[in-house]
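Peer 1: In order, the protein sequences belong to chains A and V.
Counting the first sequence from 1 gives a position; this note's numbering is that position plus 720.
Counting the second sequence from 1 gives a position; this note's numbering is that position plus 720.
These are computed hints drawn from the structure, not numbers from a lab.
Glycine included, every Cβ here is placed at the ideal spot set by N, Cα and C.
Be a bit skeptical, because a hint or two may be false.
Said to hold, decoys possible - On the chain A side, residues computed to face chain V include the following (Cβ under 10 Å):
#1 A853
#2 L932
#3 S936
#4 R956
#5 L961
#6 A962
#7 L964
#8 P966
#9 A968
Said to hold, decoys possible - Mimicking BS3-like on lysine-lysine, the simulated pairs with C-alpha atoms at most 25 Å apart in a straight line are:
#10 A/K851 - A/K971
#11 V/K971 - V/K998
#12 V/K971 - A/K971
#13 V/K998 - A/K971
#14 V/K971 - A/K998
#15 A/K998 - A/K971
#16 A/K851 - V/K851
#17 V/K851 - V/K971
Number of protein chains: 2
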Amino acid sequence: MTSYAECPTKTVGAANGAEYAYRELGDGTVPLVLLQHFRGNLDYWDPPLIDALAARRRLVLFDNTGVGGSSGTTPSTIAQMAHDAIAFLDAMGVEEVDLLGFSIGSFVAQEIALIRPALVRAIVLASAAPKGAAGMHGWAPEVIDAVGKREPDPNGYLRVFFSPSEASQRAGLATLQRIFSRADPDVPTSWETRQHQYDAVLEWGEPNHALLQRLSAITQPVFVANGDSDPMILPRYSYLLAGLIPNASVKLYPDAAHGFLFQHHEEFAADVEAFLGKSSSTRDQINAPDGRSA
Amino acid sequence: MTSYAECPTKTVGAANGAEYAYRELGDGTVPLVLLQHFRGNLDYWDPPLIDALAARRRLVLFDNTGVGGSSGTTPSTIAQMAHDAIAFLDAMGVEEVDLLGFSIGSFVAQEIALIRPALVRAIVLASAAPKGAAGMHGWAPEVIDAVGKREPDPNGYLRVFFSPSEASQRAGLATLQRIFSRADPDVPTSWETRQHQYDAVLEWGEPNHALLQRLSAITQPVFVANGDSDPMILPRYSYLLAGLIPNASVKLYPDAAHGFLFQHHEEFAADVEAFLGKSSSTRDQINAPDGRSA
Chain A
721 MTSYAECPTK
731 TVGAANGAEY
741 AYRELGDGTV
751 PLVLLQHFRG
761 NLDYWDPPLI
771 DALAARRRLV
781 LFDNTGVGGS
791 SGTTPSTIAQ
801 MAHDAIAFLD
811 AMGVEEVDLL
821 GFSIGSFVAQ
831 EIALIRPALV
841 RAIVLASAAP
851 KGAAGMHGWA
861 PEVIDAVGKR
871 EPDPNGYLRV
881 FFSPSEASQR
891 AGLATLQRIF
901 SRADPDVPTS
911 WETRQHQYDA
921 VLEWGEPNHA
931 LLQRLSAITQ
941 PVFVANGDSD
951 PMILPRYSYL
961 LAGLIPNASV
971 KLYPDAAHGF
981 LFQHHEEFAA
991 DVEAFLGKSS
1001 STRDQINAPD
1011 GRSA
Chain V
721 MTSYAECPTK
731 TVGAANGAEY
741 AYRELGDGTV
751 PLVLLQHFRG
761 NLDYWDPPLI
771 DALAARRRLV
781 LFDNTGVGGS
791 SGTTPSTIAQ
801 MAHDAIAFLD
811 AMGVEEVDLL
821 GFSIGSFVAQ
831 EIALIRPALV
841 RAIVLASAAP
851 KGAAGMHGWA
861 PEVIDAVGKR
871 EPDPNGYLRV
881 FFSPSEASQR
891 AGLATLQRIF
901 SRADPDVPTS
911 WETRQHQYDA
921 VLEWGEPNHA
931 LLQRLSAITQ
941 PVFVANGDSD
951 PMILPRYSYL
961 LAGLIPNASV
971 KLYPDAAHGF
981 LFQHHEEFAA
991 DVEAFLGKSS
1001 STRDQINAPD
1011 GRSA
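Same shape as in the complex, but just chain A (with noise of 0.2 Å):
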């Protein structure tokens, strides 16, 4: 099977008239779709991790409109980013697929989820927090000192994604060093790209607690996992996320920041394709007309 590292860029262009950026990898019927956190590109998803879900599943992973490789204007709210997802699901013409939302990323899958149920099946949410919680509007001091310049830099992604151990940092240099070393790079998200997402991301942290409720309306089973000690969107979020989606579960990845499921990509891999088989295997018993297994 081809590497993530040299898996090919396309492009399809979407009813909304974007033209999509995209990689796919990977065999099966219905897709995991990935969803990029905060200024990441195609690059960004690390391969080892994205070798590992591919290795039994399709995946699919693209550049939302206006970020990287995609055109047209990145928009400034997570609902618009989801209209864009669906967009270019329609264009893919996918019917039903899993998702994967990374950091805004997961904002995205929570509103995919909410806007067009069907579309759905499972949702893993990474590094993620609901609208409305309090605490979420707008990262920490340190973080967007970190992430947000304008020229980021390793040093910066390193405090955010990593823990200040010293295996956790061995583990963001040898991601950084995976991400960089692709002979066709995607091209780099802009200054506008970082700024429409930022304010997509204060709007979603406006505090408003009757939000959370939003919740209890994704039926889907939900997989919440983070690192332990998280600076951007802190561990207790998964919490949250867990005791108000019906049927969720949750893991803390330890010694682990933002960037939890590249460090610990092996065993983030393995926990993603139990949930998503047993997942899979719960909806066609249900949906088998005898209730046999299907």
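Starting from the known structure of chain A, fit chain V onto it as the hints suggest.
Peer 2: For chain V alone, coordinates are given in the frame of chain A:
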């Protein structure tokens, strides 16, 4: 040290006119006060857990108003139970406590923390849920059938407080043997206590999303714990508490149900001790005028 199994029952009269049955053991300045579960009296605290906790600190256990050996009428609201617990603590002359609330005792603990925060240093919530959470309006039919009948029996207790596994059921039998082998047992709880406590459970469980926001006002450090397969108070409510209380940690114990704290008494006592030790040293540090640890 006296084991809890031989610890004598004493009484104290409170300003509200009630005569409270209580037991105390261990030494220390700030006592850990235990708040009991639905229909439980003083005997329903499994001695090995109590002995392990009392090895390092002063413990106070009591029957709340109308329960077991205490006089008066069991209140029909958690709020009144909290006021009565405060009256008992006032009668005992304690000015600061740690709380360990188990099941409906965890409801009372939250209410005390909100009514009189200055009294409470740190809180352990075992098999717990917040007021107003959806899905908590009464126990599930199989649970109330098992533990709500007029004459409680060991099988009902084993079905709710322990998981179906052989190991958990064996632990449950051992707990029951210890509970029922006391030489001078407490007065059994009455049918009126059962009815009024269940009225209070129903009121606590009226779904009201807005009420969940109360938890943001619990500023004490909180340790939330439950068995991973509690049928009475689902583990997701532990996540909900940990997601909404600003300073909370959470742990689910494996292959365990409502009575996880008896089944895993050694591990749970060690976790509680680590939590309370950390909480008290933090508070001492904050209170020390020169900023050094007291």
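Peer 1: Of all the hints given earlier, name the ones this structure violates by number, lowest first.
Peer 2: none
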